[in-house]
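Engineer: So the chains spell out like this:
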Amino acid sequence: MDGVGFTVKPGETLGLVGESGSGKSTVARTMLGLIPPSSGRVFFQGQEVLTANGRMKKEFCGKMQIIFQHPESALNPRMKIYESLLEPMLIHRQNSSREEMKIKSRELLQQIGLSEEHLTRYPHELSGGQIQRVVLARVLSLSPQFLVADEPTSMLDASVQAQVLRILKRIQLENGIGLLFISHDIEVVSCMSDRIAVMYKGQIVESAPAEELCQNPLHPYSRLLVEAFSSLEKSSVKQVWVEDEKIDTASRCHYYSHCPHAGPACRQRPVLRETGAEHYTACWLL
Amino acid sequence: MSVFKNKLTLIGMIIILLLLCAAIFAPVLTPHNPNTQCLSQALKGPCSDYPCGTDEFGRCIFSRIIYGARVSLAIGIAVTAVSAAIGVVLGMAAGYYGRAVDEIIMRIVDIFLAFPGLILALVVAGLLGPGIGNVMLALALVGWMGYARVVRGTVLAEKEKEYIETARSLGANDLYIMFRHLLPNVIAPVIIMASVGIGYAILAAAGLSFLGLGAQPPTAVWGSMLSDGKTYLQTAPHLTIFPGLAILVTVLAFNFLGDGLRDLLDPRLKDKAWNRG
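Each protein sequence line maps, in turn, to chains X and P. In terms of my numbering, the first sequence opens at residue 1 and continues consecutively. In terms of my numbering, the second sequence opens at residue 287 and continues consecutively.
Because the hints were derived from the structure by calculation, they are not lab data. In this text, a Cβ means the ideal position worked out from N, Cα and C, and glycines have one as well. Treat the hints with care, since some could be wrong.
[Stated by the list, open to error] Cβ-to-Cβ under 7 Å is the rule here; a few derived chain P residues that face chain X:
| id | residue |
| --- | --- |
| 1 | Asn292 |
| 2 | Ser326 |
| 3 | Tyr383 |
| 4 | Lys447 |
| 5 | Glu448 |
| 6 | Gly457 |
| 7 | Asp460 |
| 8 | Pro470 |
[Said to hold, decoys possible] Non-contacting residues of chain X with respect to chain P, defined by C-beta distances greater than 12 Å in every case (computed):
| id | residue |
| --- | --- |
| 9 | Lys9 |
| 10 | Pro88 |
| 11 | Ser159 |
| 12 | Pro209 |
| 13 | Gly263 |
| 14 | Ala277 |
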């Protein structure tokens, strides 16, 4: 992964798309300090996150939250739902009394549309959609200002997916949370996001407002993605496979071997350039 | 209550409960003082007065077995608790921190495993001198490696799960994650191992006291009763048969319990245990 840079404003959603292994989840985990980066920095409200420690670190941990992909391992299987729900508050020692926490947990349940009977169950007794909602509630309990959703619905079926996404969107708008929404599904991302960034092999190759990117993708890889989604049958973008051993793979464009337009210029790694209003693309050919 | 549906587990539990009662209420249950010698009654076979006969000093074997249950159970439980505690803490540290910590702890495990367990215990107990406390210490020191390995392996698998990452992203510290999240999820195999381990510890303690390293006479211990009785194996076999049976039944009971607990302790497997009947 190199040269990944972006900002998420409060209340804004940045969608991050890319194929499996393109580094989306690595970006997410690095931002929250779950994976130590070899280099690079992350700022939250103007303060550096990764080098923070002690109380500062704990504060960041409360304000930046993450939702993961797999509902079946998102909650501790041996903790009842209410224990999982109250855990963030216990760690951060927010609500001191048991009574307060009970009230708070009821509020949270209402926001995500689960009933009180679910509280005393174990995670394996809940469905995937219910668990993702519990996870949402748990995240909310610390009133985060920035949320990373790492393919939160890819393991759910379509109807449940829509339901969870609606709740996520509503909560985000109500609380003005900055959201980084990661997915490989460009359709979902375009519904959820204000801006979209396309990742390919650890690099952001294009970044534009959601509508702009769907209407007018500029980078050959984004075009392939959008085309594939809009028309399954007649894709006009051809994917090719070029293997040229003479070119040093480390320095050329990552997309070189798949790009139908690859030319001599592409032997150098391109950087993000402004190619339109708020539209940035990493391609020499534009 | 699926545990009662498995007959062997049930039998194991009943035997263990009986043993515990026997150990607790030993003074009430025994017909004779276990240490009173009555040479005129020596080497008598089982009869109405002495249910299991008497030994070469005329002591009631039945009473000595009941009192021996106290020592045996205490040794079994204490040894297992201490070795499981050592194993869980070291195994969890190895699995959670990885790298150098893991490497060091697991090499220590390898070193301990390189020695035959009972021989090592014999050496340790020999160095420390005879006595129940020293035997317990020796057995605990040679018994923790299995727990450490199992816990490390389970932690390695479990710490990659997303709820651990979530806890870390919430700002939980390492100790909290290890004891609140990891421990409950790795403890099931430990409890299963421990319930079988109690049996083995009793067996090993019997072995050590057979060799003269356990509790000192006249304390009644199953192992040393076997050892004392072997001189009369031809003429009065009941001296060895009854303590031997006591050891056999106890170890078996803990094994049955361990097998049953394995089916019971995982909430995700619980439904299966229900259905099997």
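Engineer: Each hint: holds or not?
Structural biologist: Results of checking the hints against the structure:
Given hint, asparagine 292 of chain P at the interface with chain X, is violated; its Cβ is 22 Å from that chain's nearest Cβ, farther than 7 Å. Checking serine 326 of chain P against chain X by beta carbon gives a least distance of about 62 Å; that is not within 7 Å, so the hint is violated. Given hint, tyrosine 383 of chain P at the interface with chain X, is violated; its Cβ is 14 Å from that chain's nearest Cβ, farther than 7 Å. Hint status for lysine 447 of chain P: holds, given a least beta-carbon distance of 4 Å to chain X, under 7 Å.
For glutamate 448 of chain P, the interface hint holds, since its Cβ comes within 7 Å of a Cβ in chain X; the closest pair sits about 4 Å apart. Taken as an interface hint, glycine 457 of chain P checks out: its beta carbon lies about 3 Å from the nearest beta carbon of chain X, inside 7 Å. A hinted interface residue such as aspartate 460 of chain P counts as satisfied when its beta carbon comes closer than 7 Å to some beta carbon of chain X; here the least separation is about 13 Å, so the hint is violated. The beta carbon of proline 470 of chain P comes within 4 Å of a beta carbon in chain X, closer than 7 Å, and the hint placing it at the interface holds.
Every CB of chain P is more than 12 Å from the CB of lysine 9 of chain X (nearest about 21 Å), matching its label as outside the interface. Chain P draws proline 88 of chain X into its interface by the beta-carbon criterion, the shortest separation being 5 Å against a cut-off of 12 Å. The claim that serine 159 of chain X lies off the interface holds: its Cβ sits roughly 23 Å from the closest Cβ of chain P, which is beyond the 12 Å cut-off. The claim that proline 209 of chain X is not at the interface with chain P holds, since no C-beta of that chain comes within 12 Å of its own (minimum 29 Å).
Every C-beta of chain P lies more than 12 Å from that of glycine 263 of chain X, the closest at about 42 Å, which supports listing it as non-interface. Every CB of chain P is more than 12 Å from the CB of alanine 277 of chain X (nearest about 35 Å), matching its label as outside the interface.
In the structure shown, a violation is registered for the earlier hints numbered 1, 2, 3, 7 and 10, in ascending order.
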